[in-house]
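Colleague: Here is what each chain is made of, one letter per residue.
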Amino acid sequence: MGRLQGLLFALATLVLVVVSTALFTQDWLPPLKSDRGAIDHSIFITLVVTGLVFIATNLLLAFFTWKYQDQPGAVASYWHDNAKLEWSWTGVTAVIMFGFLFHALDLWAKVQATAPPDAMLVEVTGQQFAWNFRYPGPDGILGRTDAKLVDPAALNFIGLDKTDPAAQDDVILPQNQLYVPEGKPVKVLLKSLDVIHSFFLPNFRVKQDAMPGMRIETWFVPTAAGTYEIACAEHCGLGHYRMKGEIHVVAQSGLDAAVKKALE
Amino acid sequence: MAHAEAHLTEAHAREGHGPQGFLWKYVFSKDHKVIGIQYYVTAMLMALIAGTLAMLIRLQLAWPEKTWPGLGNILSKGFSGGVMNPEFYAMLFTMHGTIMVFFVLSTAPVSGFGNILIPLQVGARDMAFPFLNGLSFWTFLPGCVVIVASFFVGAGAAAGGWTSYPPLSALRGSIPGSEWGQTFWIVGMVLFIASFTMGGLNFVTTILNLRTQGLSLMRMPLTMWSMFLVAILGLLSFPALTAGALMLLFDRHFGTSFFLPGGLVLSGQALPNQGGSPLLWQHLFWFLGHPEVYILMLPALGFTSDIISTFSRKPIFGHKAMVGAMLAIAGLSFVVWGHHMFVSGMSPYIGMAFAAFTMLIAVPSAVKTFNWLATLWRARIQLTTPMLWALGVVSLFISGGLSGIWLGQSAPDIHFHDTYFVVAHFHLIMAGAALFGVFGATAFWFPKMFGRMMNEPLGKLHFWFTFVAYYCTFFPMHYIGIAGHMRRLYDPYQYEFLKPLQGYNQFITMSAFVLGASQVIFFVNFFWSAFKGKKAGDNPWGGNSLEWTTSSPPGHGNWEGEIPEVHRWPYDYSVPGAEGDHVMQTDPAPIGDNAKSHG
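Residue numbers (this note's numbering), protein chains in the order written: chain A, 6 to 269; chain B, 1148 to 1746.
Next up, chain A with everything else stripped away, as it sits in the complex (with noise of 0.2 Å):
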């Protein structure tokens, strides 16, 4: 009976790193439409060097556990410390995990740098359960709100001031509907009226919370025309199944038109 459950766990090992090696060979992520390809590089890197080791080790583990199993006349080693390869592998896994660090460090920098002057703004509000979208107008300036002046009725949702000059010429999308131009950087202010909520592209590898309370930017180029899904990320109530939305990358010169068809 012994023998047998070695030989199964060897198996079930062996089943383990066969089915989900083929598995991984498949590309899961969903396409790439935006200049955060160095993500998925680094995703693909850590894959190669984590998938070895998960090959190796459950070899080990599988081999082990078949061929060191008691049987008649079986003396186990005693055997229990060996300072060279313990100073070794330890040495080794932290040469790699530094690897990693510097990389995903220096990636890290990458995707949190400032927007480029160049980039065009817009102002992302998640609320329990839509995403708003305003772009500041010709005057590059966001006009002023006002949690008291929201008014679902007036459809004002992000309680815009209309009586600040700024606010004069900010343009407000309909909800869930965001436009934004091809092969342009786009800094995005996302902000939150009620509960946290997460806005999640899931084509551009681009993810950040949008937290009450808080203004955070982020930053990404769309870099392939098309529509695209916006998701929310973060638990944010009964509806955040559904608090979703559309991200119309569109050229450049069209994104007047397009913006102006939308609003109509």
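In case anyone wonders, no lab produced these hints; they're calculated from the structure.
Ideal Cβ placement from N, Cα and C applies to all residues, glycine included.
Hints are all accurate, no fakes.
Label-pair ranges, simulated between beta-carbon atoms: (1) A:D166 x B:F1397: 30 to 38 Å; (2) A:Q180 x B:G1228: 27 to 35 Å; (3) A:H46 x B:F1278: 54 to 62 Å; (4) B:G1415 x A:P170: 20 to 28 Å; (5) A:V54 x B:S1227: 44 to 52 Å; (6) B:P1419 x A:V100: 49 to 57 Å; (7) A:R8 x B:V1188: 29 to 37 Å; (8) A:P143 x B:G1228: 49 to 57 Å.
Based on the hints, put chain B in the right spot on chain A.
Modeller: Chain B only, in chain A's frame:
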């Protein structure tokens, strides 16, 4: 010093251990073994509840479009017309997480096995403070009652996720469960924390002061090291959550704004709050939350080391490194909490520090894995049920640990955060390793709990169903997570990009049902064996540590006569020149590499 105090307290401990009536012996007991079993059984019953909640979550994720008239009849509040309500779904995942993390996987390994094992493995008559120990359980139990009762109050149980992020958890109108359910959640958690603190004080004091003659810290079984560290982690980290929970209670009921900033609008109404920060809660929560995952895992790593050594008939490899790795993991666990918050809006600079410390944790974790593998090399492996579970822990520790390297890198985490990739990661490593560790420990120390052996064929059957179903349930979650599948979605298929993943979700759900159903084997085996199992001798597995020197189950006071003295570490298996294949810790024979050191 330890020796002198052990004798002092011995007299105290014996006082409470004379013949007693049923009520004082088994209900309001001060005996660590009875209290341990009380904790363990309560945790397992809570696991049944939390497991059932998981089954309902999976049902919804696989077939959100279907109606279930039968369930509508039983759970009329959660299913209107046989269709699950979104608020009920939110309560399911909130309470599944809360109960599993705190009331099952912190309780069974730590409060359960910690209590059963600490005095037996350090050579003490009982815990240092037996009354406090009993009080701890009787604080925990009301906590369980309050948590379970929360389903039946007002609009139902808490629904803001197990992390209870405000404003969702602070604004009573933001989700139905944020009414009385969330308040009950806070009260239940505070009771839990109070009980865990009493337990932790007992653990630390007992391990530091009541060790028997000769039992230096470095001669303790690794299980004892894990309990020692876990108690310290709990004592240092839980106060942050206690503070947070009380502040949340004030925000909810007494008009404060600890977590509520100005400018909030709920259902078109501006709120009067000013000046708070929801991010503050996340810092407080995860300051506890991250050490907490190691509170779940470290005992499993301790059990696994001891079980693997016993059934390899070989000393644990790299013993000092194993202790060092646990110390490193425990220490680092206090400075990595921000990796749960990379996309929260926290300063990206501090995110860098959290990413760095997180990546460092991989080093001691890898050391543990390599040491286990080295222990198996040229061993004489006996594949008993406890050994199978221990190998299962190693397997899950590898699978779940490696995905941590994906998530610890802050930039890739932008894509993975709050997706099923994270769900896969923590179910494999934290939940899975802890659960498998508990099952292994149950089979291994059952003789010391009930004086009997668990049934081996049933145990193996339970292992195989659980092992295969566990992987089939949680491994595919990596793939759908990479594809972007978010957590906590009542109906994922509202999204076009998630529609193709429904087939995977159905496979996961069916695996989860098999996983759930196979736990019946465990409960049958547990109760049958507790009453009808084969009688166990003092040392049925040929172990070396002190619990195997007394009867199964040990009587009151744990040892008849003197408490045994310790002369070596507990890992002297297959010592050249020894009689038999193991040398007990109490054996003074001058053989083995460890006999003279660590005096």
